[in-house]
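Protein chains: 2
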Amino acid sequence: MSKDKVFDVVFTSHGVCVGKMRNEVTNTAHQPFQVSRMLATDEGKFQGGEDTSPTPLEFFLTGLVGCLMTQIRVFGRRMKVEFDDLEVTCDARWVAHKGDIGPYEASPVGFDIGITMNSDAPEPDIHKLIEASRRACFVEATLAQANEITHSLRINAGEPQAV
Amino acid sequence: MSKDKVFDVVFTSHGVCVGKMRNEVTNTAHQPFQVSRMLATDEGKFQGGEDTSPTPLEFFLTGLVGCLMTQIRVFGRRMKVEFDDLEVTCDARWVAHKGDIGPYEASPVGFDIGITMNSDAPEPDIHKLIEASRRACFVEATLAQANEITHSLRINAGEPQAV
Numbered sequence: 595m596s597k598d599k600v601f602d603v604v605f606t607s608h609g610v611c612v613g614k615m616r617n618e619v620t621n622t623a624h625q626p627f628q629v630s631r632m633l634a635t636d637e638g639k640f641q642g643g644e645d646t647s648p649t650p651l652e653f654f655l656t657g658l659v660g661c662l663m664t665q666i667r668v669f670g671r672r673m674k675v676e677f678d679d680l681e682v683t684c685d686a687r688w689v690a691h692k693g694d695i696g697p698y699e700a701s702p703v704g705f706d707i708g709i710t711m712n713s714d715a716p717e718p719d720i721h722k723l724i725e726a727s728r729r730a731c732f733v734e735a736t737l738a739q740a741n742e743i744t745h746s747l748r749i750n751a752g753e754p755q756a757v
Numbered sequence: 595m596s597k598d599k600v601f602d603v604v605f606t607s608h609g610v611c612v613g614k615m616r617n618e619v620t621n622t623a624h625q626p627f628q629v630s631r632m633l634a635t636d637e638g639k640f641q642g643g644e645d646t647s648p649t650p651l652e653f654f655l656t657g658l659v660g661c662l663m664t665q666i667r668v669f670g671r672r673m674k675v676e677f678d679d680l681e682v683t684c685d686a687r688w689v690a691h692k693g694d695i696g697p698y699e700a701s702p703v704g705f706d707i708g709i710t711m712n713s714d715a716p717e718p719d720i721h722k723l724i725e726a727s728r729r730a731c732f733v734e735a736t737l738a739q740a741n742e743i744t745h746s747l748r749i750n751a752g753e754p755q756a757v
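If you read the protein sequences in the order shown, they are chains A and B. Residues 595 to 757, numbered by my numbering, are exactly what the first sequence covers, in order. Residues 595 to 757, numbered by my numbering, are exactly what the second sequence covers, in order.
No lab work stands behind these hints: they were computed from the structure. Some hints could be false.
One copy or two, it doesn't matter: identical chains are merged, so the pair holds either way.
[As the list claims (entries may be wrong)] Below are the EDC-like pairs computed for lysine to aspartate or glutamate, each with C-alpha atoms no more than 16 Å apart in a straight line:
(1) 674 <-> 717
(2) 674 <-> 714
(3) 692 <-> 598
(4) 722 <-> 676
(5) 614 <-> 679
(6) 614 <-> 644
(7) 614 <-> 678
(8) 674 <-> 719
(9) 614 <-> 645
(10) 674 <-> 725
(11) 722 <-> 694
(12) 692 <-> 725
(13) 692 <-> 602
(14) 614 <-> 681
(15) 614 <-> 676
Keep in mind the model is a prediction, meaning the values are calculated, not measured.
For reference, chain A alone in the conformation it holds in the complex:
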């Protein structure tokens, strides 16, 4: 697999607490385009929230489904595979199990993605389009591998420490 870089994708996000469970997250895209705007998450009443906005997992799954759909649409044009009526579904499952140090821990179970479309293109061309789009979808590529995630913690405006 060639590793020749085509472009970088660089985002920063910054979330602040508002209300009981509402979080206002400002996402800034630095590359390959520039934009900055806020999306808010909340929880329903029985989880202690006020239901002012969708929950974090709704945002997460919208990112996954939306990214794959966008990739199929963009690559369909670039790879000259015409189609109509694209729809993408995702069945997503996790389990919360007893935790060693906290109330529970999260285990992802799996993500089943269904793609439907109408097309007169040859089937091998459609399969190639789907395979190329999966590989180019930034969210699916992230879910497909174990990622480097670092954390730093800063208490009372002290020095940031790795945790």
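With the hints as your guide, set chain B onto chain A.
Positioned in the frame of chain A, the structure of chain B alone reads:
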């Protein structure tokens, strides 16, 4: 690590194409709570979109940051670690490199998360809260492992085929 189940998390998402690059994704939570609502993604003009809504990666990162913040807030109460002014940042990077079968492929580089708060709680208690919250955050747990992702493709209302 105990695997005793505490609860299941089950969501389905369904995205349809609207406009040039806009996708309308209806997310339905089945467990542990029930809700169904729509979030739309779009792209900016230079990517062929009409900028009617944030891009998929903004949704994805809002899910990550919002989920971790919610977990810290919920577990702070349950683990009796009081704090104020919680903020969470995330620097996220990917690279698009030349593809073997499509125009490019996506490679995640890493996710650097910064957590700041004010608190009079003992530092070891705060560290324990952060560690427990990371393990319980459904999005971070998903990014930390290589996930099972299946795909099925249905063309012209034919039989679904694995791809």
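How would you classify residue 674 and residue 714 at a CA-CA limit of 16 Å: within, between, both, or neither? So residue 674 and residue 714 pass the 16 Å test inside one copy only (12 Å; across, 61 Å).
Are the CA atoms of residue 692 and residue 725 at most 16 Å apart within a copy, between copies, both, or neither? The answer is between: 14 Å across copies meets 16 Å, while 37 Å in one copy does not.
At most 16 Å between C-alpha atoms: does residue 722 with residue 694 qualify within a copy, between copies, both, or neither? Between copies only: 11 Å across, 44 Å inside.
At most 16 Å between alpha carbons: which applies to residue 614 and residue 678, within, between, both or neither? Result: close only across copies, 12 Å inter versus 43 Å intra.
Since the copies are identical, ignore which copy is meant and state whether residue 674 and residue 725 lie within 16 Å (CA to CA) inside a copy, between copies, both or neither. within (15 Å within a copy, 48 Å between copies)
Is it within, between, both or neither when you check residue 692 against residue 602 at 16 Å Cα-Cα? between (39 Å within a copy, 12 Å between copies)
Residue 614 and residue 676: within-copy, between-copy, both or neither at 16 Å Cα: between (47 Å within a copy, 14 Å between copies)
My question is about residue 674 and residue 719: at a cut-off of 16 Å on alpha-carbon distance, are they close within one copy, between copies, both, or neither? Within one copy, since 9 Å is at most 16 Å while 57 Å is not.
At most 16 Å between C-alpha atoms: does residue 692 with residue 598 qualify within a copy, between copies, both, or neither? between (44 Å within a copy, 5 Å between copies)
Up to 16 Å between alpha-carbons, please classify residue 614 paired with residue 645: within, between, both or neither. within (10 Å within a copy, 31 Å between copies)
Copy assignment of residue 722 with residue 676, given that the CA separation must stay at most 16 Å: The answer is within: 13 Å in one copy meets 16 Å, while 53 Å across copies does not.
If the cut is 16 Å between Cα atoms, do residue 614 and residue 644 qualify within a copy, between copies, both or neither? Close inside one copy (7 Å), not across copies (34 Å); limit 16 Å.
In summary, the structure agrees with every hint in the numbered list given earlier.
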